[in-house]
Amino acid sequence: LTMDDSNKKYYNRETSIPFSSDGDVIKEAKILSLGKADDVNNEPLYKGRLPEGSKLLAIGTVMGDFDIPALKAQEPNVIFVSSCTREVLLQLLDAFPTIEWVHSRSTGIDHIQSKGLAAAEHVVVTNSKGCFSSTLAEYTLMACAYFAKDLPRLMRQKQHKDWNKYEVLELRGATLGVVGYGDIGRAASKLAKAYGMKVIALRRNPSLSKGCSICDKVYGADQLNTLMSESDYILVAAPLTDITRGLIDADAIAHAKKDAVLINVGRGPIIDEDAMIDALNNGKLKGAGLDVTTLEPLPTESPLWELDNVLLSPHNMDVTATFLRESTEFFVKENLERFVRGVTLLNLVDKVAGY
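End of the sequence shown = 358 in the numbering used here, gap-free, step of one.
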């Protein structure tokens, strides 16, 4: 298991040891699925073999899909969330006070986070952290190389049959600044180290990274501008919360190195998009690699479509053929096995902080 110094345990698909189900089952898991009945990625839950003591009671996306009186008699205690709004989740929590655990198939919980959920003291929340980090780390280093080797120019020269040599940059010796040093940030940092890069990170509690062999420096949340000023490539991998919304604003960008590259795999609203576009236009930023944007799908009138120094992807750099199914399998094979045995769940989320 991957564990930080707060003693919370986290899943990582590359390093975690599969849970041993030898222990005794001490409680039942009676599950409601907030998701689509035809979602093939939920087949491990819908059609697979569930752990002993587990039963799927109902599937739906709106309250009308659930027979409330009949379900109340069965006392559901688990909600698996793959497709819903926070309003429907809150309605289910209100209808079924027996709910003990809500699991999100995604890593981010911004789509279900609410004051009502945070106030439900008897309910724990987990997410699928650790299922998506490797492919997003690969994208991060690809985006770094995209600008270091000036791939836009390379593609233009190929199109025009222009055999004109030009200088490129090395990633070796460059600095990757990581805003949000969670599972994705750590995975990207490991790859950056393999390239010979220096890594500096920003996190809410730097003491959690004491003795970290990957980071050269770890800054607290109040040192964002310092990280911006020291980084050649800035990776935004933080979750979207009230605190991180608009975190990378005009002031932070003004403190960035000239010709820095901004890469976002977290959530679009973490970056002030207008301030970023200004910096991309005036040369303050060399470029941006964006897998997420403030509005998705990105409106056709957005200037980001027209900027040659922007690498755009439609929030799909973690969309492998199996990523959502693997996330459901994590719920079934790892956390559900723990729940019925009274073992501490992996990936516990702070319902107030949002991660």
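Rather than coming from a laboratory, the hints here were simulated on the basis of the structure.
Where a beta carbon is used, it is the ideal one built from N, C-alpha and C, also for glycine.
Please note: incorrect hints may appear among the correct ones.
[As the list claims (entries may be wrong)] List of simulated lysine to any residue pairs, SDA-like, C-alpha gap at most 25 angstroms:
(1) K260 - E304
(2) K30 - S117
(3) K261 - L307
(4) K30 - G67
(5) K152 - K336
(6) K193 - K30
(7) K260 - A123
(8) K50 - H258
(9) K12 - E173
(10) K12 - K168
(11) K152 - E173
(12) K168 - S316
(13) K118 - D153
(14) K152 - K75
(15) K12 - V43
(16) K39 - H114
(17) K168 - K39
(18) K152 - L172
(19) K164 - T178
(20) K12 - I29
(21) K50 - V322
(22) K152 - N80
(23) K260 - L315
(24) K201 - K168
[As the list claims (entries may be wrong)] Each pair of labels, with its calculated beta carbon distance range:
(25) M158 - S216: 18 to 26 angstroms
(26) T347 - Y169: 31 to 39 angstroms
(27) K75 - P21: 46 to 54 angstroms
(28) K193 - H163: 33 to 41 angstroms
Straight-line alpha-carbon gap K12 to E173, limit 25 angstroms: violated (36 angstroms)
When you check the alpha-carbon spacing of K152 and K336, does it fall within 25 angstroms? Violated - the C-alpha atoms of K336 and K152 are around 42 angstroms apart, more than 25 angstroms.
Holds or violated: are the alpha carbons of K12 and I29 at most 25 angstroms from each other? holds (21 angstroms)
Is the straight-line distance between the alpha-carbon of K152 and that of E173 25 angstroms or less? Given that 25 angstroms is the threshold and the Cα spacing comes to 8 angstroms, the pair holds.
Holds or violated: are the alpha carbons of K193 and K30 at most 25 angstroms from each other? Answer violated: K193 to K30 is near 39 angstroms, above 25 angstroms.
Taken at face value, is the distance from the CA of S316 to the CA of K168 at most 25 angstroms? Violated, at about 28 angstroms.
Verify the proposed pairing of K50 with H258, using a straight-line Cα cut of 25 angstroms. Answer violated: K50 to H258 is near 52 angstroms, above 25 angstroms.
For the pair we were handed, K30 and G67, check the Cα-Cα distance against 25 angstroms. violated (28 angstroms)
Quick one, are K118 and D153 close enough, alpha carbons at most 25 angstroms? Since the Cα atoms of K118 and D153 sit roughly 46 angstroms apart, the hinted pair is violated (cutoff 25 angstroms).
Given the range 33 to 41 angstroms, decide if the beta-carbon distance of K193 to H163 lies inside it. holds (38 angstroms)
Pair hint outcome, K261 versus L307 [Cα-Cα no greater than 25 angstroms]: holds (20 angstroms)
Assess, step by step, whether the Cα of K260 is no farther than 25 angstroms from the Cα of A123, and give holds or violated. This hinted pair is violated, its Cα atoms lying about 44 angstroms apart.
Checked against the numbered hints given earlier, this structure breaks hints 1, 2, 4, 5, 6, 7, 8, 9, 10, 12, 13, 14, 15, 17, 19, 22, 24, 25, 26, 27; the rest are met.
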